[in-house]
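Same order as they appear, the protein sequences are chains A and B.
So the first sequence is numbered by the working numbering: it starts at 1028 and just counts up by one.
So the second sequence is numbered by the working numbering: it starts at 1028 and just counts up by one.
It should be emphasised that the hints constitute simulated quantities derived from the structure, not laboratory data.
Hints may be right or wrong, so weigh each one.
Which copy is meant is left open, so a pair is good if it fits within one copy or across any two.
[Said to hold, decoys possible] Here are the computed lysine-lysine pairs in the DSS-like style, where the Cα-Cα straight-line distance is at most 25 Å:
| hint | residue 1 | residue 2 |
| --- | --- | --- |
| 1 | Lys1073 | Lys1354 |
| 2 | Lys1245 | Lys1354 |
| 3 | Lys1119 | Lys1140 |
| 4 | Lys1340 | Lys1354 |
| 5 | Lys1137 | Lys1119 |
2 protein chains.
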Amino acid sequence: MKYDRKHNFYAGPAVLPVSVVEALQAKLPNLGGSGIGLMEISHRAKAFDAVFRSAQAGLKRILGIPEGYEILFLQGGATLQFLMVPLNLMGKRGRADFIDSGAWAKKAIKEAKIAGGDVRVVWSGADRNYSDLPAEGGYEVRPDAAYLHYTSNETIGGVQWKRTPESGAVPLVVDASSDICSCPMDVARHALIYAGAQKNLGPSGVTVVIVRTDLLGKTGDVIPTYLDYQTHIKDEGLHNTPSTLGIFVIDEMCKWLESLGGLAGMYALNQQKAAVLYDEIDRSAFWQPHAARAYRSLMNITWRIADNNLEEKFATEATKAGLIGLKGHRSVGGLRASLYNACPLESVEALVAFMREFERVNG
Amino acid sequence: MKYDRKHNFYAGPAVLPVSVVEALQAKLPNLGGSGIGLMEISHRAKAFDAVFRSAQAGLKRILGIPEGYEILFLQGGATLQFLMVPLNLMGKRGRADFIDSGAWAKKAIKEAKIAGGDVRVVWSGADRNYSDLPAEGGYEVRPDAAYLHYTSNETIGGVQWKRTPESGAVPLVVDASSDICSCPMDVARHALIYAGAQKNLGPSGVTVVIVRTDLLGKTGDVIPTYLDYQTHIKDEGLHNTPSTLGIFVIDEMCKWLESLGGLAGMYALNQQKAAVLYDEIDRSAFWQPHAARAYRSLMNITWRIADNNLEEKFATEATKAGLIGLKGHRSVGGLRASLYNACPLESVEALVAFMREFERVNG
């Protein structure tokens, strides 16, 4: 491949389109003829303001974000959002409900408890090793909850929601870190969407938050300045210096997504890529899928080799063959291939060819 | 200049060495022969681990960081540190003292008050429009304070400490965002040093924290996970995904600083650059320096034109002449030139030549 790039299956930071990498390369020394490098320009300069607004407008178009929402580019990843969401929406005297779908949901739950308030888990997949998600009607939300929180895709278990969870009149909050902009989503049914960018939208170090502004400022608690969404809204995203480079890459990713037909086009391609790999996993009893079929992630495909002892060998030989990042997360074991937006079909086909050969030799 | 770059005097994000920009360009598609792009590699991959450890080792060498300190690369800028420092070192039952030297110190004080605890300002430059700093013995620290906080350089007032402040046996905390690695510093006299990287060390979106570990875990309060330094220490800097690109640039900046002779070499060059500009400001009554002479910043030189009405014209014409970012901060007015590490002497000389011509025409 160009630049001797290998097939990148890392769970994040993850592969980006070569064209986006090249756009960054080109503008690093001089952003848009401003005479100032992309990393070196003031976040208050006109040339950067154009990038900032273009990135916001791009996300708004691609995701179909209605009026009444603000789009923020923050720092600290989903990890800091696990704290900011309850501080802003629940407060110490409020309550919030959570769906425990895996490692990421658990972190969100842990942090909401630290934030204070009455936190309840309304469903958990723990006793099935996080291999599935709730069926319709599979949980009950407290009608007076400030919000119901879910994780749209779990990178470790490899499960992904195929519908927007039911929450009645209760506002819905989603950690969309690992599948934002990989498929269409109904923004209007959400009160708040947050996502670390480093899987489908950009580099690490920038976090997208899309929030319905009428829900803010109601807890009655004092919120530390950086952790208060209203701070960033009031200062139009420039309360402090954001990751300017990260915002530039998000803007380029939006352009790339639109060139593929937006989320409909991206989703079709992501479905195609995942099908190629799941078909191979289903083809032979040599492989064992982890996630329940109805909830299989299009982003993180998790599986085992029936003979678990072969997994180490698989990962080692795959690396030698130029297929990088296939070892499963240490908490689950097995194998995992992350097929985020920018992972080309070519990489999935190379992986499947390698799998067939590996089975032929070791099966 | 190369790549048609203009003279960059922005207060941050700020100019970086062309060689560092080029190193980033070169490694963006493929980091160190790993076959994976610099932005696209897992923060847990070996090739990134090498960058991470090299950046830590570089800072340790350059700053002379003794044993007993940890070096962290966090997110959220100094703004989030304004909160993290009191949460970790003061706590709700502790007390801390602050030197109010300007806009940045005020933000640190505001946030410490939100964090809880007994916060006292032991000195303030407010009634002299933040044009000076305490003389030796000019303040008293409470002996039972958890720490004394100061801001080593104020970007808006343009004042900079020329000595390490006295604090007796009380631990010393410094916001060094705008002069870290621009001059030697006595790390061992500090309990904690924090700095957003985007002025002297890298791009925005990565924050350096250097902390004496024996002072942590003593407040008795529960600290939210991301905001607890011990989280990041326990997980060796990878509790969550850091700004991998930001850490790469810091590593390259460390190599560049060492090529100039480390902080002694950098300091000599920064003194020379600032002297060229201060000499011009002092040469004629056409210009009026803002900061008191004893505390003049080498990083942010602030001045007015005696006829204030000419300042707008100056900034506009300077921009046309390729001298970018000279307008003073909106809270002070006037003019400001930021001469951070990577600002070349050539840019300062171009500015002085422009100033002489401006005075000749308008004086």
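Right, here's what the structure says about each hint:
Taking identical chains as interchangeable, the C-alpha atoms of Lys1073 and Lys1354 lie at most 25 Å apart only when they sit on different chains, with a minimum of 14 Å there against 44 Å within one chain. For the identical chains of this complex, Lys1245 and Lys1354 are neighbours neither inside a copy (44 Å) nor across copies (39 Å), given an alpha-carbon limit of 25 Å. Within a single copy, Lys1119 and Lys1140 get their C-alpha atoms as close as 10 Å, and across copies as close as 19 Å, so both meet the 25 Å cut-off. Taking CA atoms no more than 25 Å apart as the test, Lys1340 paired with Lys1354 passes inside one copy only; the shortest distance there is 10 Å, against 61 Å between copies.
Taking identical chains as interchangeable, the C-alpha atoms of Lys1137 and Lys1119 lie at most 25 Å apart whether they share a chain (15 Å) or sit on different chains (22 Å).
Comparing the model with each earlier hint shows a violation of hint 2 alone; every other hint is respected.
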